[in-house]
Amino acid sequence: MSNSQVVPATSLSNVTLRYRDGRLALDDISLAFTTGEHVAIIGPSGAGKTSLLHTLACALKPTTGVLTILGENPWHKTAAALHTLRKRIFLAPQLPPLPPRQRVVHTVLAGRLPYWSTWRALMSLIYPAEAPLAQAALAKFRADDKLLLRCDRLSGGERQRVSLARMLLSEAPLILLDEPVSSLDPVLGLQALHTVQDEARARDATLVVSLHDVRLARARFARLIGLRDGTVFFDLPNEQVTDDRLAELYAAEPPGSTMEGVTSAPHGIRISRCS
Amino acid sequence: MLLAKSQRWRDPAWPRRATGAAVFLLVLLPAGYLTEFNPGVFFDASSLRASRQFLATFFPPAHSLAFLQLLVGSAWKTVAIATSGLVLALILAIPLSLLANRTLSISRLGTGTMGYIPAAVRAGLRWGLSLLRSIPELVWALLFVRAVGLGDTAGVMAISLTYAGMIGKVFLEIYESQDTRATEALLANGARRLHAFFYGTLPSCLPELVSYTIYRWECAIRSSVILGFVGAGGLGQQMELSMRMLAGGEVLSFLLVFMVLVWLADQLSQGLRTWID
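Chains A and B supply the protein sequences, listed in that same order.
Under this note's numbering, the first residue of the first sequence carries the number 989, and numbering increases by one thereafter.
Under this note's numbering, the first residue of the second sequence carries the number 2, and numbering increases by one thereafter.
No lab work stands behind these hints: they were computed from the structure.
Heads up, some of the hints might be wrong.
Listed next, the in silico DMTMM-like pairs over lysine to aspartate or glutamate satisfying Cα-Cα at most 25 Å (straight line) [stated by the list, open to error]:
{"no.": "1", "chain 1": "A", "residue 1": "Lys1075", "chain 2": "A", "residue 2": "Asp1186"}
{"no.": "2", "chain 1": "A", "residue 1": "Lys1075", "chain 2": "B", "residue 2": "Asp180"}
{"no.": "3", "chain 1": "B", "residue 1": "Lys170", "chain 2": "B", "residue 2": "Asp180"}
{"no.": "4", "chain 1": "A", "residue 1": "Lys1049", "chain 2": "A", "residue 2": "Asp1016"}
{"no.": "5", "chain 1": "A", "residue 1": "Lys1065", "chain 2": "A", "residue 2": "Asp1016"}
{"no.": "6", "chain 1": "A", "residue 1": "Lys1049", "chain 2": "B", "residue 2": "Glu177"}
{"no.": "7", "chain 1": "A", "residue 1": "Lys1049", "chain 2": "B", "residue 2": "Asp45"}
{"no.": "8", "chain 1": "A", "residue 1": "Lys1075", "chain 2": "A", "residue 2": "Asp1223"}
{"no.": "9", "chain 1": "A", "residue 1": "Lys1075", "chain 2": "A", "residue 2": "Glu1025"}
{"no.": "10", "chain 1": "A", "residue 1": "Lys1075", "chain 2": "A", "residue 2": "Glu1187"}
{"no.": "11", "chain 1": "A", "residue 1": "Lys1049", "chain 2": "A", "residue 2": "Glu1025"}
{"no.": "12", "chain 1": "A", "residue 1": "Lys1049", "chain 2": "A", "residue 2": "Glu1060"}
{"no.": "13", "chain 1": "B", "residue 1": "Lys170", "chain 2": "B", "residue 2": "Glu185"}
{"no.": "14", "chain 1": "A", "residue 1": "Lys1075", "chain 2": "B", "residue 2": "Glu219"}
{"no.": "15", "chain 1": "A", "residue 1": "Lys1049", "chain 2": "A", "residue 2": "Asp1186"}
{"no.": "16", "chain 1": "A", "residue 1": "Lys1075", "chain 2": "A", "residue 2": "Glu1118"}
{"no.": "17", "chain 1": "A", "residue 1": "Lys1065", "chain 2": "B", "residue 2": "Asp180"}
{"no.": "18", "chain 1": "A", "residue 1": "Lys1049", "chain 2": "B", "residue 2": "Glu185"}
Bear in mind that the values here come from a model prediction, so they are computed numbers and not experimental data.
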């Protein structure tokens, strides 16, 4: 769509999010996402990546600022209308919370819940007639052999793949993934991102993914947003993100102080962590 | 040196424990005084004689064919009263507990606080559940015996009302004490509340719900015996008649059947629990 460049479907303008304990999670953030855009959010731990994704998912209400989600202002709506809007958003939380005793087939099929009648939802619990759908989704992440396992029998990486398979079954035009591949090995992680992006492209969805692995972000995303201390540190096309900038983003000290030994730190540390 | 150190050491938890024990005794002693609790009364000569005489009539337990028929019939009735009371209680308690479940609040998503109206409705439902629960089934039974007359209906109604209150409250606590993030994730993705409950909450709390329901069923069986004493049908009603007629043999038979019943309920619930898990 051509209008997407002019009026961004999803945006934050001067959004501030303060938690009840007084902690400032997002500090005056303005960002815009066009329809069909794929964006990676990077930054050190505690920078506000999760808060930003939850704000975009309408799972956290900004303290100040204006939020536009898929062309609508969510917090000016009634609770019922906002919940209808939520059907068009898919958020995969970090370390996906899956019911421990549930079988994977139901966990994946739960991605269809927003489109199901109550009768259909209950029938599927009694007999999961659409199990092949779940199996096909799992197969794209090479986890189809987990279909009938209980979620508490899964490893961390398997849980993440189950959560991503659930995303494939949703039809949401706004996909928000919080560290979706942090427990996968680099090769599988790259493949999983590939599958996710193919799906987003197929439904012309906006995809926002937070990643701690900078290499994955640089390998797969055209636009990178660096968050630091709840503010946008940079928002650049991939090719303009220099190693120096990354070093600054992850520097232990605020920029301007000693930079010794941190220049290559993000890469080195992160590679070893995900292997 | 070591000894000197250990002598100076004080357990920081000690003052609290000592205070707790003192308060306990301070409460217990007046309570014993108020209720005129005196164990000596059991060993009083006339009490002993009366007990001995009544107990002597216990043997042999009554076992005529007609009596055994009555026995089996009333035992069956007791199970029936307990079961139908419990089913009615569940029919009442499950919707109430779902409606009062704070995890399923949509207005809480994002803001962390429920809207005024949903909060008031949930508080009202909780209040209603405590009201049902705070009136003992014995009192309900007395009321229903007046209203619908002597018999099983009064027992069923009494159990269903009190147990609806208890089950509703405990179910609610079970829902809300689970890890609620799975349910919240489904709600955040636009699932309806009932769907989020069935796909997010129920899988993890089902064994607890079933096991509590079975426990309540055991309680209902015991309870329906007591309700029988005020005329609400079943084993208790017959036992009360036998006691009034000082027919010790019959009382013993009733007691034996009652014990078997509770033992069976226990076995059944254990079997079900292992099957569920």
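Comparing the hints with the structure gives:
no. : hint                    : verdict
1   : Lys1075(A) x Asp1186(A) : 21 Å, holds
2   : Lys1075(A) x Asp180(B)  : 23 Å, holds
3   : Lys170(B) x Asp180(B)   : 18 Å, holds
4   : Lys1049(A) x Asp1016(A) : 14 Å, holds
5   : Lys1065(A) x Asp1016(A) : 23 Å, holds
6   : Lys1049(A) x Glu177(B)  : 23 Å, holds
7   : Lys1049(A) x Asp45(B)   : 73 Å, violated
8   : Lys1075(A) x Asp1223(A) : 28 Å, violated
9   : Lys1075(A) x Glu1025(A) : 19 Å, holds
10  : Lys1075(A) x Glu1187(A) : 17 Å, holds
11  : Lys1049(A) x Glu1025(A) : 23 Å, holds
12  : Lys1049(A) x Glu1060(A) : 14 Å, holds
13  : Lys170(B) x Glu185(B)   : 21 Å, holds
14  : Lys1075(A) x Glu219(B)  : 44 Å, violated
15  : Lys1049(A) x Asp1186(A) : 30 Å, violated
16  : Lys1075(A) x Glu1118(A) : 20 Å, holds
17  : Lys1065(A) x Asp180(B)  : 29 Å, violated
18  : Lys1049(A) x Glu185(B)  : 15 Å, holds
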